[in-house]
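Engineer: Read off the chains here:
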Amino acid sequence: MSGVSSVRPISASRRRRREQRDRVADAAAPLGPTAEVDTLMLAAGRGDEAAFAGLYDQLAPLVHGIVLRAVRDPARSEEVTQEVFVEVWRLAPRYEAGRGSVRSWVATIAHRRAVDRVRSEQSARDRDQRETDRRDLTAPPPDEAVENDLDRQRVRRALGSLTELQRQAVELAYYGGHAYREVAVLLDVAEGTVKTRIRDGLIRLRDELGEGP
Amino acid sequence: MTVDLHHLAAAYALDALDADERADFEAHFPDCEICGTEVIEYRETAARLAVDPVEPPGHLRGRVLTEIARTRQLSPRAPVVDIEPRRRRVAPTGFLYGAVAAATLLIVGLIGFQLGSASPSDDQLVDLLATSDIVVEPLAGDGEAAVSVAWSAGSGEVAVVASGLDQLAGDRVYALWMLDAGGATRSVLFRPDDDGTVRELGELPGRPTGWGITVEPAGGSPQPTGEILFATAA
Ligand SMILES: [Zn+2]
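Top to bottom, those sequences are chains A and B.
Residue 507 in our numbering sits at position 47 of the first sequence, with consecutive numbering throughout.
Residue 92 in our numbering sits at position 80 of the second sequence, with consecutive numbering throughout.
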């Protein structure tokens, strides 16, 4: 539980390296960062390990951020992040661009794996002792440290535009990794209400956020 | 129920459904134009919520790249197959007929309702079970769990499918071992779902003469350290 404080946001040197790499990529081909991820994904899907390493460099902070948020424990998060990337590698030949961006495809795999890990550990625990879930009731808000990130500001604004119940339901589900039945218990509202709020909340977010970065 | 299913895309995209609902919805949305589109859109939106990038420890990169170098990729998506031909193709090899038939039914039962599912591992399982050289073998063990292994030398893949399997503590994992003249080779690591079911795929590490399952520390061990819980019948 204390693990979150020991991790650091994406470093400036890392960002500089990435910008350099992007410039190199831009010089080689007229591709933006997104196109680069797409290109790397395509090559990785044909078994290109170097391209996959590039993909790792681009997406590891995204994946690890998602995993750490749900799993909390740094050591276990590392394991899950590794599992996610091995899974991405295995499935890479099946990535279909028409079914969503590389970023969301990888984020989907990461979130699902992290949440499943948390739940399987939870149910193993619950069998021994009916310990109530001690994960925080309110998911921590996005870290202030990288507040200069425009996209993050946009996401915070979009979350702020939801009703209180919509926002809590979406945050507990996505950031907290809770199933909607748990969310219902945590917020003390009917399950049907949670489902509706999650849905209304996501529709609102989709409209506010538009196309991905 | 159908009416209800149409409203689950958002909760699904946030991984907020329980295992049963997730399975029901995965059986539904690939064939539902509305839900299929919604899932893609909501996943994009959900991914936008991931605004806390955290650099993983530097040593993880090397571990991941080492691991993928020895991990076989799946074949590009195979055409959708009908479940009937597959059932016929599973050729029981005589003496274990009843058990093999039961194992096949278990596998078909566990994945049958998810045909067409967008869940990658289930698609892959369906592909594997449709291969012409599929071999399905039930493993023997104590307790109520039903465990089977299915593999295809042609596709180079193995699946472990189980129901009623005990949950493990978070720092433990089940390991499937391929047995041959050279000993035991590690195959798939897996944990059961909430309901005790397993549908897990991996690379076939060689030509098996048998299979065994142990419990190992999370992350797996190079050689089996735990007691053999399920194994090929002698
Ligand atoms: Zn539908």
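Since the hints were made in silico from the structure, they are not lab data.
It should be emphasised that the depicted structure is a prediction, and the values quoted were computed from it without experimental measurement.
Even for Gly, the Cβ is constructed at its ideal location relative to N, Cα and C.
Be aware that one or more of the hints could be misleading.
[Unchecked claim] To spell it out: a stretch of chain B is covered by chain A in this simulated footprint if at least three of its residues, at any positions, have a beta carbon under 8 Å from a beta carbon of chain A; those stretches are:
{"id": "1", "stretch": "71-82"}
{"id": "2", "stretch": "147-156"}
{"id": "3", "stretch": "232-242"}
[Unchecked claim] One-sided excerpt, in silico: chain B residues whose CB lies under 8 Å from chain A:
{"id": "4", "residue": "Leu17"}
{"id": "5", "residue": "His18"}
{"id": "6", "residue": "Glu38"}
{"id": "7", "residue": "Pro42"}
{"id": "8", "residue": "Tyr54"}
{"id": "9", "residue": "Glu67"}
{"id": "10", "residue": "Leu191"}
{"id": "11", "residue": "Asp192"}
{"id": "12", "residue": "Ala193"}
{"id": "13", "residue": "Gly194"}
{"id": "14", "residue": "Gly195"}
{"id": "15", "residue": "Gly222"}
{"id": "16", "residue": "Gly224"}
[As the list claims (entries may be wrong)] Incomplete in silico selection of chain B near chain A, CB under 10 Å:
{"id": "17", "residue": "Ala39"}
{"id": "18", "residue": "Asp43"}
{"id": "19", "residue": "Glu45"}
{"id": "20", "residue": "Arg60"}
{"id": "21", "residue": "Gln85"}
{"id": "22", "residue": "Gly176"}
{"id": "23", "residue": "Gln179"}
{"id": "24", "residue": "Leu180"}
{"id": "25", "residue": "Asp183"}
{"id": "26", "residue": "Gly214"}
Engineer: Under the criterion of a CB-CB separation shorter than 10 Å, is Arg60 of chain B in contact with chain A as hinted?
Structural biologist: It holds, given that the least Cβ distance between Arg60 of chain B and chain A is near 5 Å, below 10 Å.
Engineer: Going by Cβ atoms only, is Gln85 of chain B closer than 10 Å to chain A?
Structural biologist: holds (5 Å)
Engineer: So, Gly222 of chain B near chain A? Judge it on the closest CB pair being under 8 Å.
Structural biologist: violated (25 Å)
Engineer: For the hint on Asp192 of chain B, just tell me whether its beta-carbon gets within less than 8 Å of chain A.
Structural biologist: Because about 23 Å separates Asp192 of chain B from the closest Cβ in chain A, which is outside the 8 Å limit, the hint is violated.
Engineer: Mind checking the CB of Gly176 of chain B against every CB in chain A and telling me if the closest is under 10 Å?
Structural biologist: violated (14 Å)
Engineer: Against chain A, with CB atoms and a cut of 8 Å, does the hint on Tyr54 of chain B hold up?
Structural biologist: At about 5 Å, which falls below the 8 Å cut-off, the nearest Cβ of chain A leaves the hint on Tyr54 of chain B intact, so it holds.
Engineer: Quick check on the hint: Glu38 of chain B CB to chain A CB, less than 8 Å?
Structural biologist: Glu38 of chain B check fails; min Cβ-Cβ to chain A is 11 Å, beyond 8 Å.
Engineer: Was the hint right that Gly224 of chain B lines chain A, CB cutoff 8 Å?
Structural biologist: Nearest chain A Cβ about 22 Å off; hint violated.
Engineer: Using Cβ atoms only, decide whether His18 of chain B comes closer than 8 Å to chain A, and label the hint accordingly.
Structural biologist: violated (10 Å)
Engineer: Against chain A, is Asp183 of chain B within 10 Å by beta-carbon distance?
Structural biologist: Cβ of Asp183 of chain B sits 8 Å from chain A, so the hint holds.
Engineer: Minimum Cβ distance from Pro42 of chain B to chain A below 8 Å?
Structural biologist: Interface hint status for Pro42 of chain B: violated (11 Å vs cutoff 8 Å).
Engineer: Per the coverage rule (Cβ-Cβ under 8 Å, at least three residues), is the stretch 71-82 of chain B covered by chain A?
Structural biologist: holds (count 8)
The structure is inconsistent with the numbered hints 2, 3, 4, 5, 6, 7, 10, 11, 12, 13, 14, 15, 16, 17, 18, 19, 22, although it conforms to all the rest.
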